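Number of protein chains: 2
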Amino acid sequence: MPSAIQTLTVDLGPRSYEILIGASILDQIGQRMKSCVRGQRVAVVSNTTVAPLHLHPVQTSLEEAGFFVTPIILPDGEIHKNWNTLQQIFDHLIANRFERADPLLALGGGVIGDMTGFAAACHLRGVPFVQIPTTLLAQVDASVGGKTGINHPLGKNLIGAFYQPSLVMIDIDTLTTLPLRERLAGFAEVIKYGILWDRELFMLLEERLGEILAGNAELLIQLLHRCCAIKAAIVTMDEREEGKRALLNLGHTFGHAIESLTGYDRWLHGEAVAAGMVTAAHLATRIGLCPPEEAARMHALIQRCGLPTQLPNFPVDHYLEAMTHDKKVSGGRIRFILPERIGHTIVRSDLSTQLLRATLEANMEPSAQPTTKGYS
Amino acid sequence: MPSAIQTLTVDLGPRSYEILIGASILDQIGQRMKSCVRGQRVAVVSNTTVAPLHLHPVQTSLEEAGFFVTPIILPDGEIHKNWNTLQQIFDHLIANRFERADPLLALGGGVIGDMTGFAAACHLRGVPFVQIPTTLLAQVDASVGGKTGINHPLGKNLIGAFYQPSLVMIDIDTLTTLPLRERLAGFAEVIKYGILWDRELFMLLEERLGEILAGNAELLIQLLHRCCAIKAAIVTMDEREEGKRALLNLGHTFGHAIESLTGYDRWLHGEAVAAGMVTAAHLATRIGLCPPEEAARMHALIQRCGLPTQLPNFPVDHYLEAMTHDKKVSGGRIRFILPERIGHTIVRSDLSTQLLRATLEANMEPSAQPTTKGYS
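Chains A and B, in that order, are what the protein sequence lines are. The first sequence begins at 1 in our numbering and counts up one residue at a time. The second sequence begins at 1001 in our numbering and counts up one residue at a time.
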């Protein structure tokens, strides 16, 4: 039986939109979209993994609401988050004469969402964009904030746009079809909100992690609503990432370096963020910013989720090199988001290379070969 | 001796910027940029034709003002306005670690401006963008409005973004190095502003065309200021092209079809717009909207500038096909901007295919082979 739908409004003036959160609600997408987009044709962008699982109810609901639906099914994986794949979307839209009012609907995880959003931002200089994120990571992160983009061989998400969706629908049922490894990786971002902003959320995770991982629907909807609300509050304060929004990058400076060094295909984003957050906590402890017992609680919760806590083994210089390519670099200095305690983080860009080296070395896996993190 | 600089503010709230118009002012770019951008490094994007003529004073001025300058020199021509060329800009910026505050400066015509603007819109999800348009067309058209983008094999400017510059500098001295054919093509857009908005401007052109074409600096600066002010007024009313701004596309529905059918390399944009405006006037006369004597004056002024007034010879079906790929298509219907009289235009999207066929046939060159329009 479908549960009640929770609604959250992301308030960005003329670019405001709603996030709908619930269970078994995919069959409502058609009616919901009718009220917020004008176009009559919808391009549903998905991938070869997600489409067989969730395209049918979405397409049926859209068609019943009177939309003409064209699916665009892309290959699955971060490795395809590039211009060539994006080009497939443009070719399809242009060959099928999609017009300015016709929306793109992203049905999938963060990669599908980021690429579809960027395609929507650029096609005819901007067409409407609707998101149905199907991974926990995409639901708590990519569904709020309007960051879209693709990777460049030298770094992640270096090419993209800030572009807001017209509507986001989160159906927690999609999580049941997610491989365990991906579901756990998503919890890295949930924990992130606890560390950076919300001590209560962190404690809820500490206390009820078992039930949450077992899939308690009510708790999951509550968590998703809370994470999205935190991100919405921060994004509303700082739509174009000039201040507060930087805090959301907790764990990402190290995390992006891991993903870049491992070629984007061995570590999941959430896994990289998990090891990145533990490393950031180490760094914060090392400079006397964060009490060791607080850092230990962060480490413990991340470990309980089965997430990695150490960096894969690469030469320290490779890490430093990868981190200077990050978008968060300013004035040539790497910017770090560091926890002061659970629920409060700050930005620091005055850290010495020596200190970074020591932190990287201290929190690195001993093995010479980077391994695949395999849970599934 | 440098003349006084005319300044025009394009009022778009937080995205407002200034257009500086004058003669021999390139050596002021460094100081002017210091006051509106924070970054210390500037990527000057130009092409193999413009760079040898104008890069030196621009680079010197920037370096004297304390900027670190990297030129990115692209191949010249509309045929290169594609992803591959754009990729060269991204590769360069990323390899050289350009940061979010570091601006891109477009030094060239419309192609360079559109590509550089789009690169600035997408690099790290948006970096500052400064324009020095060096063709008449780019000065009166591309320098106001924030339209950026690249072509797709199936149509012009289909992929892009609305992205505003931080500063525009127009130096009419750059026009003296422009081939005659390109200078004349630019007048198509000047005439366009007269037809669509400003009867007085049209009459000034009719009366003093000789002096203007001979390069009278005072008259040129006056014309440029007037065209930019008209465009700024329209764009301010309608930044994202949802209403009034459509009027700026006078001549462009036919014009884009010409460019698409001739593969973007035989007709200059302004030439295509010129023939497109005459065809639009024919169409307006045919439905009783525009008095024949007004249409005749438009035709005559365009002809006096040495611009084409007839469409190149292609099957009518090819024109219809090309026009339905245009961004201006709405609800499957082609949208036309039609003059009611000199100084006033309207939008119509209710015209029959039969009427279009008749208009296309009546205003087409007799020759079976499309020719290159050659003035230079």
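What the hints contain is simulated information worked out from the structure, not anything from laboratory work. The structure presented is a predicted model; accordingly, all values stated were derived computationally and were not measured. Any given hint could be a false lead.
Output of the computed footprint for chain B on chain A, the stretches with three or more beta carbons under 8 Å from beta carbons of chain B [unchecked claim]:
#1 83 to 90
#2 119 to 126
#3 158 to 171
In this text, a Cβ means the ideal position worked out from N, Cα and C, and glycines have one as well.
Checked hints:
1. 83 to 90: Since three or more residues must qualify, the claim that chain B covers the region 83 to 90 of chain A holds, with 3 doing so at under 8 Å.
2. 119 to 126: holds (count 6)
3. 158 to 171: Held - the region 158 to 171 of chain A has 5 residues with a Cβ nearer than 8 Å to chain B, which meets the minimum of three.
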